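Visitor: Residue-level listing of the chains:
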Amino acid sequence: MGVMPLSPDSSSASGSAAPLLRIENLAVAYKIGLRRSLRAVSGVSLEVARGSTLALIGESGSGKSTIARAVCGLGPIERGVVSIAGTDIAQRKDRAAAAGSLGVQIVFQDPISALNPRWPIWRSIAEPRLRLFPPAPDGHRALAVELLERVGLDRSMADRVPSQLSGGQRQRVTIARALSPEPKLIILDEAVSALDVSVRNEILALLDELKRERGLTYLLISHDMGAVIQIASEVAVLYLGKLVEVGRAVEVIGRPLHPYTRALIRAVPVLNAVASEPARRLSGEIGDPANPPPGCRFHPRCRFAIPRCSEEEPFLRELNDRQVACHRADEIAKQEIDAPA
Amino acid sequence: MTETTPSVPDDAPASVAGAAERKTLLTVRDLQVTAGNGNSQLTLVDGVSFDIAEGEIFGLVGESGSGKTMTALALIGLLPAVARASGIIRLGERELIGISEKEFRAVRGREIGMIFQEPVSALNPVFSLEAQIKAAVRAHSDMTDRQARDRAVELLGMVGIPDPVQRLSFYPHQLSGGMCQRVMIAMALAGGARLLIADEPTTALDVTIQDEIVRLIEDLASRAKISVLFISHDLGLVSRLCHRIAVAYAGEIVEIGDAKTLLHTPRHPYTQGLVRCVPDLESIGVLQRGIPGHPPLPGNWPPGCRFIARCPKSRAGCEQRQALQHVPHATGEVRCWRAHEHARSTNAADGARAWA
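Just so you know, the protein sequences line up as chains S and D, in that order. Position 288 (the first sequence) corresponds to 287 in numbering that gives the first Met the number 0; numbering is contiguous. Position 161 (the second sequence) corresponds to 160 in numbering that gives the first Met the number 0; numbering is contiguous.
For reference, chain S alone in the conformation it holds in the complex (with noise of 0.2 angstroms):
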């Protein structure tokens, strides 16, 4: 399986750096009851330059928060690599740790269950800082202040406890929380998910200038592909722990050559769309990941399944500027079926 290199439109000009983070065959499974265990993800592999922001996507139980959570060290890894700079710390026992001080850090979708409810604001800010840095003499409190101000908050709020905040500001605090150890990555896991959509383009905003500003690296799990469209400049397509695309945003977004990609993103409610005609949505949910479907996974709820879909896997390959999973992938593109209405 080859694994695609994604850079950012200009700034990796060099061509030869590094990625950030590099996964290569990531298998994770978890153990339900005594003999069987679910395969969550299989054989994911893929790459991160450093300055663009990922967005994986598919629906729930497609793998998406399993891999977020192996690359910062918070889940289990069956067999694969998760290099971050360089250094591959599956094999770790200190996964989390190990992930921190490469710079890791996550963003959740509730604030108000990541922040402790009786710490001052200023405190949780400073916490994960506190555990990389030498102490400072007032505990990192200025820098927590300075942060704070950066987020878009005001200073007075640095007293303060999570319950006299808005969900907006919260969200702000938990992005200056992750902030505060000079991160390299920051994993935003349904971030801005839960957040008035009026509130959730200001956050993308505010994500966006500290990107630029400090030179991060987003990972982005999201099922708000109003998020995804916005601040993604690579997209990775996940079905039940397998991807099934993966390329440049304004490739798999705009162009979506898998049947599930066009799917998903026909499912979103869109400014000036119309109403998609019944045959194109997709019916029926997303399998069991215990007893996934042999073949191509998404057979039995694609509508362009051929028996061939049924009895051999389809293995990511180059196509159209990106690389995608599909027997029938090259019919699509050359519009031979499923034309644009």
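These are calculated hints, taken from the structure and not from any lab test. Everything numeric in this text was worked out from a predicted model, so none of it was measured. From the three backbone atoms N, C-alpha and C, an ideal C-beta is built for every residue, glycine too. It is possible that part of the hints are untrue.
[Said to hold, decoys possible] Chain S is faced by these chain D residues, among others (derived, beta-carbon under 8 angstroms):
(1) SER63
(2) ALA121
(3) LEU122
(4) ARG145
(5) ALA147
(6) GLY176
(7) ASP210
(8) HIS232
(9) GLY235
(10) VAL277
(11) PRO278
(12) LEU280
(13) ILE283
(14) ARG337
[What the hints assert, rightly or not] Estimated spans, in silico, between C-beta atoms of each pair:
(15) D/LEU286 with S/TRP118: 31 to 39 angstroms
(16) D/ASP141 with S/GLU77: 53 to 61 angstroms
(17) S/ARG154 with D/PRO79: 32 to 40 angstroms
(18) S/SER165 with D/ILE98: 32 to 40 angstroms
(19) S/ARG159 with D/ALA308: 52 to 60 angstroms
Assemble the complex: chain S is given as a structure, and chain D must be docked to it using the hints.
Guide: Okay, now just chain D, sitting in the frame of chain S:
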């Protein structure tokens, strides 16, 4: 309490997409929801008026704190103990403001059903679907156990759950989020409700599942003539599903009209801001501006236009109160005295550009 005279005409809604005059099922006039007592009264919903026709899907859009959920809770008589509703809520021939809790129990479930966000946590994890749906069915009728079971199967089939007989023995954890929301809809309609209130029913779900729930709601409205009040902060979703839409801001409706017009020629600067937040597949990698700032909290509403602090088009005159006014050459109404100027743009993209 308010000088606003709701100018919504007393007859049926101005236009229900494509349909000829339909019978009005729900009439809301000058709805006020206040909390607290004595001198510490807080107005949460301030003079909201709209109609929903039979089989119509009506959208109520707004940010957190806009009063949309309070409006819904007033309709179904589930306001928190500290809150009170006044004004007119009429369902068919029945007046719902001021009736006793006992009288409301005959309405709730039997005439109005409601579903919420996070269907998985709304179901009881330790009871089978059969037990939970039968309980909902028998709460509103004198059916025998056998009849209630048959009705449960029928309801599961109606909401598109495959193999309903087998699924009856399932527990909530054996179902996906989308399936749980279908079960919630089945239970909300178990008593024969004609109005379904859906409060952010797809917010926690995948887009594909969201699409399926939306299809189910469309199907219930068109085939079973169920009326739906669909509440969401996502204007893109609401405009895909609803016939007409009201946009709520700081306890008031700031714009109301048919879905297409509202999405393509939004008149109120706030609606224009919301339209800009709808994903646009033609601008991949382009950050869309949000609506800077926060809505004013109840108790801090300014006397004039409540959007004034966040409005990029505000100017002298906006501090005076803005009544909801009819938009010339359109089916809707808007609470902005400069709406005729904003109306020049003919499509959403132009509207968005003018706003920026």
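Visitor: Compare the structure with each hint and give your call.
Guide: Right, here's what the structure says about each hint:
1. SER63: Holds. Min distance 6 angstroms.
2. ALA121: Given a least distance of 17 angstroms, the restraint on D/ALA121 is violated.
3. LEU122: At 17 angstroms from the nearest chain S Cβ, D/LEU122 fails the 8 angstroms test, so the hint is violated.
4. ARG145: violated, 31 angstroms
5. ALA147: violated, 28 angstroms
6. GLY176: holds, 7 angstroms
7. ASP210: holds, 4 angstroms
8. HIS232: holds, 5 angstroms
9. GLY235: Status holds, d = 4 angstroms.
10. VAL277: Nearest chain S Cβ about 5 angstroms off; hint holds.
11. PRO278: holds, 4 angstroms
12. LEU280: Interface hint status for D/LEU280: holds (5 angstroms vs cutoff 8 angstroms).
13. ILE283: holds, 5 angstroms
14. ARG337: Because about 21 angstroms separates D/ARG337 from the closest Cβ in chain S, which is outside the 8 angstroms limit, the hint is violated.
15. D/LEU286 with S/TRP118: 31 to 39 angstroms: Since D/LEU286 and S/TRP118 have Cβ atoms about 32 angstroms apart, the given range 31 to 39 angstroms holds.
16. D/ASP141 with S/GLU77: 53 to 61 angstroms: 56 angstroms Cβ-Cβ, so the 53 to 61 angstroms window holds.
17. S/ARG154 with D/PRO79: 32 to 40 angstroms: Hint holds: Cβ distance 35 angstroms, inside 32 to 40 angstroms.
18. S/SER165 with D/ILE98: 32 to 40 angstroms: With Cβ atoms ~35 angstroms apart, the hint holds.
19. S/ARG159 with D/ALA308: 52 to 60 angstroms: violated, 22 angstroms
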